[in-house]
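Enquirer: Next come the chains, spelled out residue by residue.
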Amino acid sequence: MLGCCFRRFLTSRSAFPAGPTWSVAKIIPKESDNDGLSVTKETVEHVERLSLLKDPDTKLSREEETTRIDSLQFFVRFVEQLKEVDNENVEPLYSLWQEGSISLVGDESRDALPLEDVTRNSKRTEKGYFVAPPPTWHQARKEKEKQDLDVS
Amino acid sequence: MLFCCLRFKLRVGLQSVGPVRRRFLSAESTAIVSLTLHEVLAKLNHGDLSAVDVTTACLQHIEAQKRLNAFITVTADAALQQARESDNRRKQGKRIGRLDGVPVAAKDNFSTKGVLTSCGSKMLEEYIPPYTATVVQRLLDEGAILIGKTNMDEFALGGASTTSYYDPVLNPWNEIAKFVAGGSSGGSACAVAAHLCFGALGSDTGGSVRNPAALCGVVGFMPCYGRTSRHGLVALASSLDCPALFAKSVRDAALLADVISGHDPLDSTSARRPPLRVSRILEETRDLAKPLEGIKIGIPREYYIEELSLEYLEVWRQAADWAADAGAEVLEVSLPHTWMGLPCYYAICNAEMASNLAKFDGLQYGHSAAGVDHSIDALYGVSRAEGFQLTTRNRIRSGTLFLSERMYGEYYTMAAKARRLIAQDFYAVLGNEAQATNRKPCSHTSSRLADVLLYPTAAGPALTISEYEHGLTPEAIASDIYDCPVNLAGLPAITVPVGFAKNSMPLGLQLVGCRFGEVAMTEVAQVIENQANFPKLTSEENSECNKTQS
Numbered sequence: 613m614l615g616c617c618f619r620r621f622l623t624s625r626s627a628f629p630a631g632p633t634w635s636v637a638k639i640i641p642k643e644s645d646n647d648g649l650s651v652t653k654e655t656v657e658h659v660e661r662l663s664l665l666k667d668p669d670t671k672l673s674r675e676e677e678t679t680r681i682d683s684l685q686f687f688v689r690f691v692e693q694l695k696e697v698d699n700e701n702v703e704p705l706y707s708l709w710q711e712g713s714i715s716l717v718g719d720e721s722r723d724a725l726p727l728e729d730v731t732r733n734s735k736r737t738e739k740g741y742f743v744a745p746p747p748t749w750h751q752a753r754k755e756k757e758k759q760d761l762d763v764s
Numbered sequence: 002m003l004f005c006c007l008r009f010k011l012r013v014g015l016q017s018v019g020p021v022r023r024r025f026l027s028a029e030s031t032a033i034v035s036l037t038l039h040e041v042l043a044k045l046n047h048g049d050l051s052a053v054d055v056t057t058a059c060l061q062h063i064e065a066q067k068r069l070n071a072f073i074t075v076t077a078d079a080a081l082q083q084a085r086e087s088d089n090r091r092k093q094g095k096r097i098g099r100l101d102g103v104p105v106a107a108k109d110n111f112s113t114k115g116v117l118t119s120c121g122s123k124m125l126e127e128y129i130p131p132y133t134a135t136v137v138q139r140l141l142d143e144g145a146i147l148i149g150k151t152n153m154d155e156f157a158l159g160g161a162s163t164t165s166y167y168d169p170v171l172n173p174w175n176e177i178a179k180f181v182a183g184g185s186s187g188g189s190a191c192a193v194a195a196h197l198c199f200g201a202l203g204s205d206t207g208g209s210v211r212n213p214a215a216l217c218g219v220v221g222f223m224p225c226y227g228r229t230s231r232h233g234l235v236a237l238a239s240s241l242d243c244p245a246l247f248a249k250s251v252r253d254a255a256l257l258a259d260v261i262s263g264h265d266p267l268d269s270t271s272a273r274r275p276p277l278r279v280s281r282i283l284e285e286t287r288d289l290a291k292p293l294e295g296i297k298i299g300i301p302r303e304y305y306i307e308e309l310s311l312e313y314l315e316v317w318r319q320a321a322d323w324a325a326d327a328g329a330e331v332l333e334v335s336l337p338h339t340w341m342g343l344p345c346y347y348a349i350c351n352a353e354m355a356s357n358l359a360k361f362d363g364l365q366y367g368h369s370a371a372g373v374d375h376s377i378d379a380l381y382g383v384s385r386a387e388g389f390q391l392t393t394r395n396r397i398r399s400g401t402l403f404l405s406e407r408m409y410g411e412y413y414t415m416a417a418k419a420r421r422l423i424a425q426d427f428y429a430v431l432g433n434e435a436q437a438t439n440r441k442p443c444s445h446t447s448s449r450l451a452d453v454l455l456y457p458t459a460a461g462p463a464l465t466i467s468e469y470e471h472g473l474t475p476e477a478i479a480s481d482i483y484d485c486p487v488n489l490a491g492l493p494a495i496t497v498p499v500g501f502a503k504n505s506m507p508l509g510l511q512l513v514g515c516r517f518g519e520v521a522m523t524e525v526a527q528v529i530e531n532q533a534n535f536p537k538l539t540s541e542e543n544s545e546c547n548k549t550q551s
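Sequences listed follow chains A and B, in order.
Under the numbering used here, the first residue of the first sequence is numbered 613, with each subsequent residue one higher.
Under the numbering used here, the first residue of the second sequence is numbered 2, with each subsequent residue one higher.
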C-alpha cells in the first residue's frame, strides 16, 4: 500500500513539469503590434474582389472597411508569428497523403445522379440547365457598344 | 431510402408519438433513454424493449428538452418507420445489425438523402441532399435509427455552437444560465449528454467533436484522418476534417467507431485500411488486473500552460495516477512546436475553408439572392453576403488573402512548413503509425517514446454565452491549443469525462494515439473512465435546475 502511494507520488511529480511552461497570451496578437504586413484598404478591396462576399457594385462604408481591416489584420498577425521559426530546410506538408499512395478510381463512367436530383436544389434552372446571369464583362461590353453607337 | 423531414418547430408531427408531458416525463421513458447504447441493445435483443418503445421515448425527451436547441430537424415519422422495420426484423428472425433499433443522430453537415442538411446556415436552409453520407449510411445499414440532424456552428466554424443560424445550443448541465455546449458539434454532444439519442455523429476539424464532448460530459471519439469516409460530409478543411462520434461510454464509442470506419472508394482521402475492431480488444482487456501493462503514456510538457485551470491540472494528475496503477509507465515528453499549432491551424483551415465554401454561389444550390439578375458577380456576392454570417465571412476573407497570389508563398506555404514541424513532433514521440490496428499496441521500440499521450481536452470548463463572446478571448483561444495540433498531424484522439469544475460543468481528458493507433488510446480511455466513474446527467437534475430558476 505504501509502495503504491509512493509510486503514485513519483508519477505525478516526475511526469509533470513543476509549473506552466508557456502562456497562450503571448501568441495572441495585440493591436499595438506594428511589425509585418499591414492590411490596407487596397488589400481589403482585392480580397473582396476575389472572395465575392458582397455586391461588387456597392462600395463599403467607412465602418465596414475598418471592421474588415481589423479582422484581416488579426489573422495576418497571428499567422505571421510563424516567420520566427527557421524553416528553410523544411518541406511543406499540404496533405497527410502526399508521401503515400492515394487510392484512385479508374477512368470509367459510373452511375451518376439523375439530372433532376442534381438540379432540384437550384432556384435558377431551365430545362435541366443552371441559368446564370451574364458575366460582369458582358454588361460592360454592351454599355461600350451602346456608347460607340451613340457617338457614331 | 427516402425520409420524411419534419422541422423541429412543428408540433403536429410529434403528436403522433403520443401525449408528451413537457417537463416531467414518465419514469419508464426516462429509464429507457438513460440507458447506454449497449444496455439498450441488450434489452432490444432480449425482447424487453421494442425499437418503437425506445424511439418513442427519445422523441418524447427531444420534445421535452427543445430549449436546448440540440436539433435542427427531428425525423420523427421516418424514425418510427425505421423502428417498426427493426422490430419486424427481430420478429421474423432476419439478420440483425450491430445497432439494430438504436436511435442515433447526425450533425447537420452530414448529407442525408431527402432530409434537410443545413450546416447550421441560412445558405443551406432549404438544401435537401440527393444522397446520404457514407458514415451515416453505415449506421443505417447496421439497423440504427436516424432520429434527427443536430445543431452546429455555421459550417462547422466555431468552438461553442453559438454561430448557428438556428440559435445557440445550450449545455444540458446548465442551460438556464446559458452555458455553451462547445463546438462546432455542440448539438450532437448535447443530444447524447441529455439522453435524446444513444450516439451521434460529429465532425472534428480542430476539436469540433472533442471540445463539445468535454464540455458536455460525454465521450468523444475521433478516429485518425482517413479512417472514416468524408464522402457526404460538407467539407470545411479537406485535409483536416474527420467524421467522428459521441457516445455515453468508451464501450459505446468503440462500437460506433467500428461501424463507421473503413475504406470508402468514394473518398480519395480514405485510408486503404479495414474497419476498426476496437470493441473486441476492449472486451478482451476489460477484466485484466493490469490492463495497461506495457503501455507508455506521455505527458507533453507544452500542454501545461498558464491558462490551464487548476481543476484541469488536478484531474490530469489524477488520471496519470490511475493509468500508473493499471500498469502503465507515465513519463514526460516534449512537443516543442505546440505553440505553432494555432497560427498554423488558422492559416490552413481558413485557406481550405475559403476554397471549399466558394461553391456556395447562389446558383446550383443554397441561398440565391432574389431579383439579382444583371450580373453573375452580383448574384454570387449578394447571395454569399446574405447566406453567410459575419464570422464565416471574416474567416473566408482571411483564407482568401492567404491563398492570393501575392501571399501564397509567404503565408500558406509557411503554414504548411509549420504543419510539418508540428506533425514531426508527434511522430518523434509516438512513432509514425501503428503497424497493426486490431491487436494490442506494438511492443515498445526505440523509435517510439510513448504509445499514447494524455492531456486535457480544453483549458477550462464551459463558459456562458456572454463569457465566450466570439471565441477570440484568451480563454477560448487557449482551449483551441489542446485540439488543433492533433488534427494537423492527422492523429486519433478520444476524450472521456472525468470530473467537474467549480462552476459544476464537466471536465474531459483526451488520449491521443499514433496514426492508426486507435486501439491503445481507447484501452487507456476505458481505464480512466472506470476510475473516474463520471455520473450521467439525469432528467431529474435537469428538472431541478428548472425549478430553482423559475
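What the hints contain is simulated information worked out from the structure, not anything from laboratory work.
No residue lacks a Cβ here, since even glycine has one placed at the ideal position from N, Cα and C.
Heads up, some of the hints might be wrong.
With a straight-line cut-off of 25 Å between C-alpha atoms, the simulated BS3-like cross-links for lysine-lysine are [stated by the list, open to error]: (1) K114(B) x K739(A); (2) K44(B) x K503(B); (3) K739(A) x K360(B); (4) K95(B) x K123(B); (5) K44(B) x K735(A); (6) K735(A) x K179(B); (7) K735(A) x K360(B); (8) K123(B) x K44(B).
With the C-beta cut set under 8 Å, the calculated list includes, among others, these residues of chain B facing chain A [what the hints assert, rightly or not]: (9) T270; (10) S280; (11) L283; (12) V331; (13) L343.
Label pairs and their computed distance ranges (CB to CB) [said to hold, decoys possible]: (14) A630(A) x A429(B): 42 to 52 Å; (15) L727(A) x G98(B): 53 to 63 Å; (16) E387(B) x K638(A): 18 to 28 Å; (17) R68(B) x E755(A): 20 to 30 Å; (18) R287(B) x T678(A): 42 to 52 Å; (19) D729(A) x G98(B): 38 to 48 Å; (20) K754(A) x R407(B): 24 to 34 Å; (21) S673(A) x R99(B): 52 to 62 Å; (22) E470(B) x Y741(A): 43 to 53 Å; (23) K754(A) x N433(B): 55 to 65 Å; (24) E755(A) x A371(B): 18 to 28 Å; (25) R736(A) x L314(B): 53 to 63 Å; (26) R68(B) x T678(A): 36 to 46 Å; (27) T678(A) x N504(B): 28 to 38 Å.
Enquirer: If a hint holds in the structure, say so; if it doesn't, say that too.
Expert: Each hint tested on the structure:
1. K114(B) x K739(A): Since the Cα atoms of K114(B) and K739(A) sit roughly 23 Å apart, the hinted pair holds (cutoff 25 Å).
2. K44(B) x K503(B): violated, 37 Å
3. K739(A) x K360(B): Between K739(A) and K360(B) the Cα gap is close to 22 Å, so the pair holds against 25 Å.
4. K95(B) x K123(B): violated, 43 Å
5. K44(B) x K735(A): With Cα atoms ~48 Å apart, K44(B) and K735(A) exceed 25 Å; violated.
6. K735(A) x K179(B): violated, 38 Å
7. K735(A) x K360(B): The hint holds at about 15 Å.
8. K123(B) x K44(B): violated, 41 Å
9. T270: holds, 6 Å
10. S280: violated, 26 Å
11. L283: With Cβ-Cβ at 24 Å, over 8 Å, it is violated.
12. V331: Status holds, d = 5 Å.
13. L343: Since the shortest Cβ distance to chain A is 6 Å, the answer is holds.
14. A630(A) x A429(B): 42 to 52 Å: violated, 23 Å
15. L727(A) x G98(B): 53 to 63 Å: Check failed, 33 Å falls outside 53 to 63 Å.
16. E387(B) x K638(A): 18 to 28 Å: About 39 Å separates the Cβ atoms of E387(B) and K638(A), which means 18 to 28 Å is violated.
17. R68(B) x E755(A): 20 to 30 Å: violated, 55 Å
18. R287(B) x T678(A): 42 to 52 Å: violated, 59 Å
19. D729(A) x G98(B): 38 to 48 Å: Between D729(A) and G98(B), where Cβ atoms are some 27 Å apart, the hint is violated.
20. K754(A) x R407(B): 24 to 34 Å: Since the Cβ atoms of K754(A) and R407(B) sit about 32 Å apart, the hinted range of 24 to 34 Å holds.
21. S673(A) x R99(B): 52 to 62 Å: Cβ of S673(A) to Cβ of R99(B): about 57 Å, so the range 52 to 62 Å holds.
22. E470(B) x Y741(A): 43 to 53 Å: holds, 46 Å
23. K754(A) x N433(B): 55 to 65 Å: At roughly 60 Å between Cβ atoms, N433(B) and K754(A) fall inside 55 to 65 Å, so the hint holds.
24. E755(A) x A371(B): 18 to 28 Å: The hint (18 to 28 Å, Cβ to Cβ) holds, given that E755(A) and A371(B) are roughly 24 Å apart.
25. R736(A) x L314(B): 53 to 63 Å: holds, 56 Å
26. R68(B) x T678(A): 36 to 46 Å: holds, 38 Å
27. T678(A) x N504(B): 28 to 38 Å: At roughly 36 Å between Cβ atoms, N504(B) and T678(A) fall inside 28 to 38 Å, so the hint holds.
The earlier numbered hints that this structure contradicts are 2, 4, 5, 6, 8, 10, 11, 14, 15, 16, 17, 18 and 19.
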